[in-house]
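Going down the list, the protein sequences come from chains A and B. Residues 28 to 434 in our numbering are what the first sequence lists, from first letter to last. Residues 28 to 434 in our numbering are what the second sequence lists, from first letter to last.
Calculated from the structure, these hints are not laboratory results.
Calculated cross-link-like contacts (lysine to any residue; reagent style SDA-like; alpha-carbon spacing at most 20 Å):
1) A:Lys224 to B:Ala356
2) B:Lys364 to A:Asn192
3) A:Lys410 to B:Thr109
4) B:Lys410 to A:Gly227
5) B:Lys224 to A:Ala354
6) A:Lys410 to B:Thr113
7) B:Lys364 to A:His191
8) A:Lys224 to B:Thr177
9) B:Lys410 to A:Pro311
10) B:Lys224 to A:Glu355
11) B:Lys224 to A:Ser358
12) A:Lys364 to B:Asn192
13) B:Lys224 to A:Gln203
Being a predicted model, the structure only gives us computed values, none of them experimental.
Number of protein chains: 2
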Amino acid sequence: MRVIVLGADGYLGWPTSLHLSARGYEVVAVDSLVRRRWDTLCGTSSLVPIATMERRVARWAAETGRNIQWVRLDLRNRADLTELITRHRPDAVVHFAEQRSAPYSMIGAEQAVETQVNNVVGTLNLLFALRESAPDCHLVKLGTMGEYGTPNIDIEEGFIEIEHNGRRDRLPYPKQPGSFYHLSKVHDSHNIMFACKTWGLRSTDLNQGVVYGCATPETQIHPELRTRFDYDDIWGTVLNRYCVQAAIGRPLTVYGQGGQTRGFIDIRDTVRCIELTIANPPQPGEYRVFNQFTEQFSVGELAERVREARRAHGLETEIVHLPNPRAEAESHYYNAKHQKLIELGLQPHLLAETLIEDVIQTVERHRHRVRVETIEPRVDWRKGALINLRARRTSDRSPRARSTLGR
Amino acid sequence: MRVIVLGADGYLGWPTSLHLSARGYEVVAVDSLVRRRWDTLCGTSSLVPIATMERRVARWAAETGRNIQWVRLDLRNRADLTELITRHRPDAVVHFAEQRSAPYSMIGAEQAVETQVNNVVGTLNLLFALRESAPDCHLVKLGTMGEYGTPNIDIEEGFIEIEHNGRRDRLPYPKQPGSFYHLSKVHDSHNIMFACKTWGLRSTDLNQGVVYGCATPETQIHPELRTRFDYDDIWGTVLNRYCVQAAIGRPLTVYGQGGQTRGFIDIRDTVRCIELTIANPPQPGEYRVFNQFTEQFSVGELAERVREARRAHGLETEIVHLPNPRAEAESHYYNAKHQKLIELGLQPHLLAETLIEDVIQTVERHRHRVRVETIEPRVDWRKGALINLRARRTSDRSPRARSTLGR
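Isolated chain A, as found in the complex (with noise of 0.2 Å):
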């Protein structure tokens, strides 16, 4: 079976594809590398040292004798996607091929933009590819529980059954983003809800949680197969700045109240639950949505979770409240269904003091790494990063000020 995965080269896409080519799987890696591009720009860096693709491909074919073939290819180049869709004429394509960052989307109008046409435009491109040359294949792609926002009633994996005015109707559920990078995540599944209608492509959608967590069994084999891992304001994930954190002895930052309540999910999770959907396909026309998580916390929760994990240790963690530099709600209801993967077979790594203190043992032995300077956030959802840039830039007129964010 041979699968194609966009955005090999991020965090997430990079452990999929070695876990798939460990099953057997014919693995096609494909990224535009442009994630390393944006590191440069914004002044961050993976905490743990990361091969290029040609180095980990090569690695993986010495460590296992798998093959996984690495394309370099942007997906706003559309003629180049349709080209490799129609050599591989693959039987899924996993799509984690976008620009994934809320707070990158919202430095400012450029930052905007850019996001929005780059998932926007690179998810039509892979749409009308694959009516043309693959119209049966399975189109795996990657949404984000920040679709629905925080409504006060149950999120459903999806759709959902509305009465009203004495009909009813199963209709899909109604989204609230509250980024432009979420924005172009509803604009996607809109996209792909449509093509399916229309022209009979399949299609999951994947509306994953925020992801914790730096191994899977497969990155762990050799140092030049590890993936990245972001702790900084622009790119990481709270529960992995919450360990740099504290690995570094720092007070854990919770944004505002803490109560924002998100549903989560172990990276080597993530993997099981791409394999599953690949071999659970939908029927052709048929476009589904799985809520990709295992359990809900509040941010605030989870930095008690990080303390508490080290106090098993015997040392203590501060824990302070910044004001939010987000505008979402800091209390509210949230109760979000997660069942269809489990179905399909997946047993979560529920999340266990022993993760907690295996991802600040792995920080620890990178803590010469950490950018202490990135942590903090530098953009507002109200003014954006340029406010600060350009207050930054009046004392200080170094032209780096501009590209690096105002840091």
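Chain A is already provided as a structure; the job is to place chain B on it using the hints.
Chain B in isolation, oriented as in the chain A frame:
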């Protein structure tokens, strides 16, 4: 009160500019003129000859003594747009400046991407320009009733109260748009709602029905003030197309069974709705939705109305059913609310045989300009237009074939 009309060269943008100017608003009329270029590409042309924007505003000043300022500008150029908003600091911006043809958006990948990038990026640029320079300005955005699709429950105005598992919330109405064009408007709606919530902007999203008619009192003052009238398969709306078919003695072509029901509105009501919306702005931070139409008809019923209007003059009109080029339900429940503009004072021009006759008479005056070959559908929702193009190009090697969509 200063109003910028974006898309002022269009079917509705121009009459709106005149309507507002006639009522004492200070109007800045803005357009990129891309619509005239798209006409060249598609081999289409306004039935009614239209003057250049320069001649139009000069004629308006000569006839009424009122000045409309004309600015050529593309919303995708963020710097120019921001400069425009900063210079004029308008009280309201009326945003018609989008690619507005569903068939155009379905020609192929190039047009789908062009439509979504043009519409989404233009609106994003506008939102950022307003945040920067005119945060209190009222954004009056043209959406479409087609954002809702045809759900099996009543369509509300933008939001719906949902009770689910014992809890309640008022949420954005679920959207099921039926083309890449309609999808682009859904994307816009989500982006605008977010900007209002996060930045405190204020906006009214006018989900407009299908517009018919060819004139307003102001466009009738002088031939150089006329607005465009489209009747072709790409740009023409259904009733206007039927009137052209009737005027030239051709059968009225109904797509599929004809049970497709939509909201409709007279062009004279469109300009009045814009005026009422501007005169009654939302609160800062408020995003509201008005459904801007006055009556519901099925496309089959409309064909009958045209036939009856002709019969009153002793003329027989044939109605034929074509295979539906669109992917849509041809028999469905449809009940869409449209109270909010009525509550603000709209007194609808309901569809009467006299209006149909007026339009047909206008067509008859210009019947020598009808391009018969542009009336029947050339774009198939499932296959696009490229398939026809290629088939045609095999036998017709003219280099014009591609740029005129296989005509």
